[in-house]
Amino acid sequence: MGIIEVRDLCFYYGSFQALDRIGLDIEKNRITALIGPSGCGKTTFLRSLNRMTDMIENVRVTGRVIIDGEDIYRPGADLLALRKKVGMVFQRPNPFPLSVYDNVVYGLRVHGLRDKRRLEEKLVRSLESVHLWEELKDRLDANALTLSGEQQQRLCIARLVAVEPEIVLMDEPCSALDLAATANIEDLMAELKKRYTIVIVTHNMQQAARVSDFTGYFLLGELVEIGATHQIFTTPRDPRTEDYITGRFG
Amino acid sequence: MKSDMKGRGRNKLERTDRLVRLSLLVVAFSAVSTLAVITIFMFEQGAPIMFKYGLRSFLAGSDWYPTEKIFGLWPMIVGSLYVTLGAMVIGVPFGLACAVVLTEFSSRPVRRVIKPVIELLAGIPSVVYGFIGVVILVPFIRENLGGPGLSVLAASIILGIMILPTIISISVDSIQAIPLSYREGSVALGATKWQTVKMVLLPAARSGIIASVILGMGRAIGETMAVIMIAGNAASVPRSVLDPVRTLTSNIALEMGYASGEHRQALFATGVILFIIIMILNTVANVTSSRMKGSKG
Ligand SMILES: Nc1ncnc2c1ncn2[C@@H]1O[C@H](COP(=O)(O)OP(=O)(O)O)[C@@H](O)[C@H]1O
Ligand SMILES: [Mg+2]
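So the sequences go chain by chain: A and B.
Counting from 1, one number per residue, gives the positions in the first sequence under this note's numbering.
Counting from 1, one number per residue, gives the positions in the second sequence under this note's numbering.
Hint data in this document are derived by calculation from the structure and do not stem from the laboratory.
Take these hints with a grain of salt, some might be off.
[Said to hold, decoys possible] Taking lysine-lysine and the DSS-like style, the derived pairs with C-alpha atoms no more than 25 Å apart in a straight line are:
#: 1; chain 1: A; residue 1: 116; chain 2: B; residue 2: 198
#: 2; chain 1: A; residue 1: 194; chain 2: A; residue 2: 122
#: 3; chain 1: A; residue 1: 122; chain 2: B; residue 2: 198
#: 4; chain 1: A; residue 1: 85; chain 2: B; residue 2: 198
#: 5; chain 1: A; residue 1: 28; chain 2: A; residue 2: 122
#: 6; chain 1: B; residue 1: 52; chain 2: B; residue 2: 69
#: 7; chain 1: A; residue 1: 85; chain 2: A; residue 2: 122
#: 8; chain 1: B; residue 1: 193; chain 2: A; residue 2: 85
#: 9; chain 1: A; residue 1: 116; chain 2: A; residue 2: 85
#: 10; chain 1: A; residue 1: 194; chain 2: A; residue 2: 85
#: 11; chain 1: A; residue 1: 28; chain 2: A; residue 2: 193
#: 12; chain 1: A; residue 1: 137; chain 2: A; residue 2: 116
[As the list claims (entries may be wrong)] Pulled a few chain A residues facing chain B out of the computed Cβ check, cut under 7 Å:
#: 13; residue: 52
#: 14; residue: 80
#: 15; residue: 83
#: 16; residue: 84
#: 17; residue: 88
#: 18; residue: 94
#: 19; residue: 96
#: 20; residue: 97
#: 21; residue: 107
#: 22; residue: 110
[Unchecked claim] Take a look, some chain A residues computed to stay more than 12 Å from chain B by CB distance:
#: 23; residue: 14
#: 24; residue: 187
#: 25; residue: 195
#: 26; residue: 204
#: 27; residue: 229
As the structure is a prediction and not an experimental result, all values here were calculated from the model.
Positions of the beta carbon are idealized from the N, C-alpha and C atoms, including for glycine.
Input sequences plus hints: build the corresponding full structure.
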């Protein structure tokens, strides 16, 4: 029983099948890493968990994704509430071209919070939880695009934390960052795991090994294997997983 | 030539390059200097008479009887500003709304058809707009709202429609140029499409939208033919939107044919004032847009 239960999930872009009968459970307050060669469907899978895939025309989904006991693909599902609950950090930091302040409180405003004092409280708390408050407290009016790459990615996490999601999806969140910044973001993830369930896609196996509790291996739209990270990296059950992690593939 | 003397032997490509650059420079210079000459000519013809009769009476005088040497341009200045403002009030919200609907709330095939059609509207000669105004809009206003029909309102509406293509096509381009990642970021936080438009896309497209408004404004204030046909052209300050009005451009076009002597110079002076007003409006718009860009969104 996980906070997310995926059953028989198939995903099609037009007639191209990108995911084939994916089934897995994701545990609460754990970091689950998804690895696999590029084009194997990791992003597609991640985005099907908060239905960001709905933004693309001509896609089709079968199977079930149950989050907190409710199938997110049931007719009439509340997408806005879903995305509030299941937030997302993208591959390239994508702060809005607005001030730092407006970025962090964006989600709160979207969900109807208008009270200035409450907004500010949450702003401080969110920036503190990503360790940006000290750096940015005097630059709240600055355009977010003037921040460094790492700061931008932290800001995007702060923006997410502000709306208090339960689950945070991260799609190669460090691929646009340098090594030092990557290490910092990884530390941050370890902290965030206390409050959130994190699903991270990475093509970097060391990263998966470092940060995650569970690892799943995707190949050509299939979930080959999922299990405890140390098990996957030491005693994989499937030879294809072994090929991949020992570098004989990809 | 110098380098030849140095004996380093420039190759042919480099010479062609220099030649092309030189001829482009000549072309650019002659284009710019033509504009400069026109401007100088206009000032040379128009400025003296303004000082002769006094700048104040020229700008603030509310009577225009050129044959009696009374040259008050106030009604026309007000008229130009009124119809331009009216055109903006009508054209900007409609244009922006259309741009948003086209980019965010319609499918690609719809957009592919509608956008070129709208751009085609920009190619319709202004006399046709004026004609439609005279035949349909003016009688409609006369019968339903009163007054002569030829009015500030009629001119504002027609000008508002005429600037739509400018505003729509530039705004659409600038909204479409916004990276998909902004939309994704917003939607992923649980925002609706409309919230995304209002809180991210419009601010992000702001400079393009302001550019479209400035261009639209330039088109509205400079438009002559359509305005002459539907504005009534009375050289007096309108008391309501249903009163007739004469713009600076109309003033020149209406009287150019028979003006001579000081009257003619007064029309050049009208051009000078129009020129200055447009300069001021552009500067104001540019400064506000750059100031808005500098501060927080
Ligand atoms: N919008 C799309 N339309 C059509 N095919 C797509 C689209 N996005 C991804 N795909 C295809 O789906 C497959 C999986 O892509 P993706 O989920 O991005 O893989 P990954 O994130 O593992 O690199 C790829 O073959 C890709 O070409
Ligand atoms: Mg990917």
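Status of each hint after checking the structure:
1. 116(A) <-> 198(B): It holds: about 19 Å lies between the C-alpha atoms, which stays within 25 Å.
2. 194(A) <-> 122(A): Given pair residue 194(A), residue 122(A) holds - Cα atoms ~18 Å apart, limit 25 Å.
3. 122(A) <-> 198(B): 22 Å, holds
4. 85(A) <-> 198(B): 23 Å, holds
5. 28(A) <-> 122(A): 24 Å, holds
6. 52(B) <-> 69(B): 11 Å, holds
7. 85(A) <-> 122(A): With Cα atoms ~17 Å apart, residue 85(A) and residue 122(A) stay inside 25 Å; holds.
8. 193(B) <-> 85(A): This hinted pair holds, its Cα atoms lying about 18 Å apart.
9. 116(A) <-> 85(A): 23 Å, holds
10. 194(A) <-> 85(A): 16 Å, holds
11. 28(A) <-> 193(A): 9 Å, holds
12. 137(A) <-> 116(A): OK: residue 137(A) and residue 116(A) at ~16 Å, within 25 Å.
13. 52: 6 Å, holds
14. 80: For residue 80(A), the interface hint holds, since the closest Cβ of chain B sits about 5 Å away, which is under 7 Å.
15. 83: 4 Å, holds
16. 84: Given a least distance of 4 Å, the restraint on residue 84(A) holds.
17. 88: For residue 88(A), the interface hint holds, since the closest Cβ of chain B sits about 4 Å away, which is under 7 Å.
18. 94: Residue 94(A) check passes; min Cβ-Cβ to chain B is 4 Å, inside 7 Å.
19. 96: 5 Å, holds
20. 97: 5 Å, holds
21. 107: Hint on residue 107(A): holds, closest Cβ of chain B at ~4 Å, below 7 Å.
22. 110: 4 Å, holds
23. 14: 15 Å, holds
24. 187: Correct as stated: the minimum Cβ-Cβ distance to chain B is 23 Å, above 12 Å.
25. 195: 17 Å, holds
26. 204: 21 Å, holds
27. 229: 26 Å, holds
The structure shown violates none of the earlier numbered hints.
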